[in-house]
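S.K.: These protein sequence lines are chains E and F, in that order. One point on numbering: in the numbering used here, the residue at position 2 of the first sequence is 3, and numbering is uninterrupted. One point on numbering: in the numbering used here, the residue at position 115 of the second sequence is 116, and numbering is uninterrupted.
What the hints contain is simulated information worked out from the structure, not anything from laboratory work. Not one of these hints is a red herring.
Intra- or inter-copy, both count: the list cannot distinguish identical chains.
Within a straight-line C-alpha distance of at most 27 Å, the following computed DSSO-like cross-link-like pairs (lysine-lysine) qualify: (1) Lys6 <-> Lys23; (2) Lys163 <-> Lys136; (3) Lys163 <-> Lys185; (4) Lys136 <-> Lys214; (5) Lys113 <-> Lys163; (6) Lys198 <-> Lys237.
2 protein chains.
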Amino acid sequence: MASLKVPASVPPPHEDAEQLHKAFEDAVLAANILFFIRSSGWGTNEGLIISILAHRNAAQRNLIRQVYTEAHGQDLLKDLDKELSSDFERAVLLWTLDPSERDAYLANEATKRLTSSNWVLMEIACTRSSHDLFKVRQAYHARYKKSLEEDVAYHTTGDFRKLLVPLVSAFRYEGEEVNTMLAKSEAKILHEKISDKAYSDEEIIRILTTRSKAQLNATLNHYNNAFGNSINKNLKEDADNDFLKLLRATIKCLTYPEKYFEKLLRLSIKKLGTDEWALTRVVTTRAEVDMERIKEEYHRRNSVTLDRDIAGDTSGDYERMLLALIGHGDA
Amino acid sequence: MASLKVPASVPPPHEDAEQLHKAFEDAVLAANILFFIRSSGWGTNEGLIISILAHRNAAQRNLIRQVYTEAHGQDLLKDLDKELSSDFERAVLLWTLDPSERDAYLANEATKRLTSSNWVLMEIACTRSSHDLFKVRQAYHARYKKSLEEDVAYHTTGDFRKLLVPLVSAFRYEGEEVNTMLAKSEAKILHEKISDKAYSDEEIIRILTTRSKAQLNATLNHYNNAFGNSINKNLKEDADNDFLKLLRATIKCLTYPEKYFEKLLRLSIKKLGTDEWALTRVVTTRAEVDMERIKEEYHRRNSVTLDRDIAGDTSGDYERMLLALIGHGDA
Chain E
2 MASLKVPASV PPPHEDAEQL HKAFEDAVLA ANILFFIRSS GWGTNEGLII
52 SILAHRNAAQ RNLIRQVYTE AHGQDLLKDL DKELSSDFER AVLLWTLDPS
102 ERDAYLANEA TKRLTSSNWV LMEIACTRSS HDLFKVRQAY HARYKKSLEE
152 DVAYHTTGDF RKLLVPLVSA FRYEGEEVNT MLAKSEAKIL HEKISDKAYS
202 DEEIIRILTT RSKAQLNATL NHYNNAFGNS INKNLKEDAD NDFLKLLRAT
252 IKCLTYPEKY FEKLLRLSIK KLGTDEWALT RVVTTRAEVD MERIKEEYHR
302 RNSVTLDRDI AGDTSGDYER MLLALIGHGD A
Chain F
2 MASLKVPASV PPPHEDAEQL HKAFEDAVLA ANILFFIRSS GWGTNEGLII
52 SILAHRNAAQ RNLIRQVYTE AHGQDLLKDL DKELSSDFER AVLLWTLDPS
102 ERDAYLANEA TKRLTSSNWV LMEIACTRSS HDLFKVRQAY HARYKKSLEE
152 DVAYHTTGDF RKLLVPLVSA FRYEGEEVNT MLAKSEAKIL HEKISDKAYS
202 DEEIIRILTT RSKAQLNATL NHYNNAFGNS INKNLKEDAD NDFLKLLRAT
252 IKCLTYPEKY FEKLLRLSIK KLGTDEWALT RVVTTRAEVD MERIKEEYHR
302 RNSVTLDRDI AGDTSGDYER MLLALIGHGD A
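Chain E on its own, in the form it takes in the complex:
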């Protein structure tokens, strides 16, 4: 369930576009008068921007962008980029993008960074529906003039490449049909390979990257029943490394996405110095999808609400934007 709150009566897109433009105009006017004052976003009406954009769904935001471009000959995103700054800017820009464009952007960024970028690719590949993942691949073509899998394959090596390329290329079947015989035989294969510490064995990769989520779930349930431990428990028993961590996260994303996101939020808030990139990513990509479930999970696991933790760890317009997206207060 989405956390996004859209008001009962939404103004027509041209009105929203005008309001946003006005929010920038104030800034231009102010900048003209006091051009030597360079305080971040000075004069721009951030509150107005949040009150509009954080309360419009993807289709509505797309319309606003379209109308804005028609009226002002400029992409709304470009103007937002010019007027805003730092974490607040990133949150507003990511949120305003169409979901498949946003994922394409995040994935492209991930292929260029080192730190934890593999997680972003895995997360996009495993938590989106098959059709939505395909739309990300189409958006990637349109925006970067190459394919997502081509960039992922080029920028990764070894076991990470072996896992990530088929993950981002997958078009999993999404029906609920389960083949019990297959679930049993593949649970056995997984257990054998893990017992042999062959964590990047091609059979493990094949099963995790091609089977439907329903089938995989059945396989992992059989694993648990037959061998007395969850697969992730067994994957944790041995020496730990980055590949094993990614493998466990992959399994979690495919079977319990809300738990995966809860943990990501927890770690990004609790660590010394908030990880704003992860926080912004999770909030902007899940607000329209399953943020209510994630909030529930967060509350259960941390005995404090996500709203409260975000309010305690962030501030200013960035805080207001995130809280609006996770459904705090009224639309």
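Model the placement of chain F on the given structure of chain E, informed by the hints.
M.R.: Relative to the frame of chain E, chain F by itself:
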């Protein structure tokens, strides 16, 4: 260019559907009177079937199927299956299917057979457009309740799996943009790996399975310029095996599909005992795409037209069906 000939004035689909139904009715009537005569297709009006179906494009055939089902409560394909037999039946059934359904059917069949089935998978993955390949994957979901890549991964092993799974999962960029630096550096990588006889090295697989056809073409041209031989010549110098053959065919499909199909037709016709499966597959899958180019190539390479060779090697309704599809005679 397509070889399919559609008449200038096409009857409305319900008329076509009625004619087809009548072609079967004659058979039922005849069978009732002379039920002990079991000659193949006796009584069915094969000429009528060819004259209609072999001269309708995919959209028209789909409409005929739809109208036929509405009028007779039965899928036209089921009735064709009942009334026809052997090679003629297979040609009519494959042709009548929608292109993406047909490819899904051929691919599924390939995952279950051993002989040369890898070629069918590679051929579908490499000669269809990115969008058409994706439509095949959608049709595969709908028909088989699983994903194409899942079946391919499950039914292949070793080097074949390493090559085929990313091939069928690819969504290549289709623009004409070429990165010359990249072409040079990847030509070098390919040459190094081939010199080391590391034919199934993951870098070779990565380049062949993810780069756009335009980029790959530039890379292989650089290969030829820099190292004095075409890549396929270098891949042929060493001991030959099935994987190397498939690798060369992959490269040919990606860069010169019409030459690949010409050779496939040549071998299927010239070998002792025609390979009807390959012949039927090439004719039914290319008639609406690039059969004219393939015929040109065939004529140039064999000094005889494809029409003549097909007429010399096949007979009866099967011959008539193939010749109609490759554009022999009038619509």
